[in-house]
Amino acid sequence: MTPSEGALRRWLAAVAVAGLAIALYLTVERAAGRAPACPIGGGCETVQSSRYAEIAGVPVAWLGLVAYAALLVAALLPGLPGRALGLFVATVGVGFSAWLTYAEVSLIHALCAWCLASAALMTIALVVTALRAGAPEPAPSLSS
Amino acid sequence: MSRPRAWIAAAIVAALAVVGVLVGLSVSGGSSSSTGGDVTAAAHKATALFAGVPQRNATLGRPSAPVTLTEYADLQCPACREAALQRLPHLLQRWVRPGTVRLIIRPLVFIGPDSELGAVATVAAGGQDKAWTLADTLYRVQGEENSGWLDHTVVSRAARALGLDSAAFAHASASRAAESAVRANQSAFMAIGANATPTFVARGPGGLKGVEGVPTNAGLDDLVQRALGPT
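For the protein sequence lines, the chains are Z and R, in the order given.
Going by the working numbering, 60 is the number at position 60 of the first sequence; the sequence numbering is gapless.
Going by the working numbering, 105 is the number at position 105 of the second sequence; the sequence numbering is gapless.
Please keep in mind that the hints were generated in silico from the structure rather than gathered at the bench.
Given the structure is predicted, the values throughout are model-derived calculations rather than measurements.
Glycine residues also receive a C-beta, built at the ideal position from the N, C-alpha and C atoms.
Be aware that one or more of the hints could be misleading.
Unchecked claim - No more than 25 Å apart at the CA atoms, straight line, and that leaves these computed lysine to any residue pairs for SDA-like: (1) R:Lys45 / Z:Trp99; (2) R:Lys45 / R:Val21; (3) R:Lys45 / Z:Ser49; (4) R:Lys45 / R:Ser26; (5) R:Lys45 / Z:Glu29; (6) R:Lys45 / Z:Thr27; (7) R:Lys45 / Z:Val28; (8) R:Lys209 / R:Gly229; (9) R:Lys45 / Z:Arg34; (10) R:Lys209 / R:Glu145; (11) R:Lys45 / R:Arg157; (12) R:Lys45 / Z:Ala32; (13) R:Lys45 / R:Glu145; (14) R:Lys209 / R:Ala196; (15) R:Lys45 / Z:Leu80; (16) R:Lys209 / Z:Gly42; (17) R:Lys45 / Z:Ala35; (18) R:Lys45 / Z:Pro59.
Stated by the list, open to error - DEER-style ranges, computed between Cβ atoms: (19) Z:Ala21 / R:Ser166: 48 to 54 Å; (20) R:Ala17 / Z:Ala31: 54 to 60 Å; (21) R:Trp7 / Z:Ala21: 29 to 35 Å; (22) Z:Ala56 / R:Asp222: 26 to 32 Å; (23) Z:Val28 / R:Arg62: 32 to 38 Å; (24) R:Pro98 / Z:Ala31: 54 to 60 Å; (25) Z:Pro3 / R:Ala10: 36 to 42 Å; (26) Z:Pro81 / R:Arg97: 17 to 23 Å; (27) Z:Pro3 / R:Arg226: 55 to 61 Å.
If we strip away everything but chain R, and leave its shape as in the complex, we get (with noise of 0.2 Å):
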């Protein structure tokens, strides 16, 4: 008979507590970003982002660029936030800045019912001028799928940090007109059969070619060479 190894069980409910805490840690850091996060850093952020890169609307690049990479959108959607953080930056640095593509996003309904709140805000925030501006703040502050993180708080919070007219914001996304753009969004992503976001679809000299999901920063360079066509 081996003596009881007290320490055996010692160490596992130790462990066990700790596991209780890094995944008690883990989760309700996800309900404090979930909460809004630090919407004023956020925007911050998202505002260096695109300083000096002229936004129009929903456009965002020099309106005269041989391409157009639209992306449809949906601000829940952990991918088109993916999308905004890792392949924005590229798409700005290689092809925006230098004035060879002007992106439009194209937000819509996708996950569920908080969706359409993101994407009214942003068709709102394009009346602004600052479409962009404000789908990538929210994207900061991306709580869980669903999880009501999306909500009207954190939108006016996001828009009163962009510096937002705060009247015309609130007048614009309670508008017919935002929620039939939102729609108009809608029926063109089913129209060109995509079922997955965030969609990129170029067009430009070479065609149209689009891609469903998220692209390598390659994938995405791509897309636009071919969209380019033959130099």
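Same shape as in the complex, but just chain Z (with noise of 0.2 Å):
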């Protein structure tokens, strides 16, 4: 049984409010040149501070912000913009932060909690909007 497309919805909005939380501090951590409270592994620093940390410059924190600021547009879209939108910054997410996580165990050699978070927050809004996709089209209503 596929959950409805407002649950779903309702869902994506919840997993990017979380993505947007965990973007938003960590760029501003940064940009106050501090090191974000690590609770587990203790690797935030240095996944942080690291090259891969920016990609042409730009914070890699920052393109979280834009994806889950995304998502959450997804989500209030309804119908077709909404799907491909969510679907495609979903794959995006999924996408790189498999990346960035493998270039945390293999490159950088430390793990930063608050990444692997925001890799499992893709994974699930992936998740989500691969069975939005594949949700029967609701029937086109005039209230909203």
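Build the complex: two chains, separate frames, hints provided.
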């Protein structure tokens, strides 16, 4: 039984808000030059000070902000535009998170709990957006 | 039968293309810094960090400081870079500038063959009282371990950017004295049973205390305080 379009959109919104919170926290700490609190593992500083924390000069945390904001938009948008945007962003998110996790494990040799949490959120977002892509199109309705 | 959803395939293909570009940028961003990055900017930042702190040979800080904190480091090691960029500013402000701690850098070869060049260069820069500044500059342009970023080009660019006497620096870098200094660091590192870089050893009136890896600021404070002993 596939959850309804409405339920999937609410889940996606919840994931997006959680992701925004993490990305916002990491962005602020980075901008302030502080080390993020690192609840598990303790590798956050190593990861955030590594050169993989920026791509072409843009902090990866900003990319996270943009991605989660886009997921939130996708959750708010009904119908095809919301479905397509959500699937697109979540696929990019999971793909890039997979690379970053590989970089943490094999290149930086440190794990950052925030980054792993974001990777997990992106994975959930991909599952939700994939279910939404496969869900029956909701009947057009006049009420919102 | 549901109608074919071409947009699903389109969204996934477009997404994978974007992932490819992002990963490509992430990797090449790494290699552009691995060809030296902006060595001049790094040298300026390093110089600013140590401004007003006395340096003599491998020592940073007041020679009469009660606590000596020795760091065994490899310029290729990401954790040493983290210690330099995240911990050193705190140590400087809290302990070194007030004259409680003097730091000694003992560069060695831990990660791989290229580390030798960085270690020798740090010793050679010590001959011109800029061991810490050179090491800090190189950390700021650090590339991936054993990727070849730590080469003669990046070292000589750093030396030039720091205003070192190039001839004297080149001579010292190639000297047997620098090589044996690195060997001595290596032996001391082994003798204390350390097996990670960085390793910090604090010596003071309170005795000898050591820690491997990158401690937190509080961990470093604790190390220094225990070496200081009861006051």
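For each hint given before, does the structure comply? Return the numbers of the non-compliant ones in rising order. 1, 2, 10, 15, 20, 22, 24, 25 and 26
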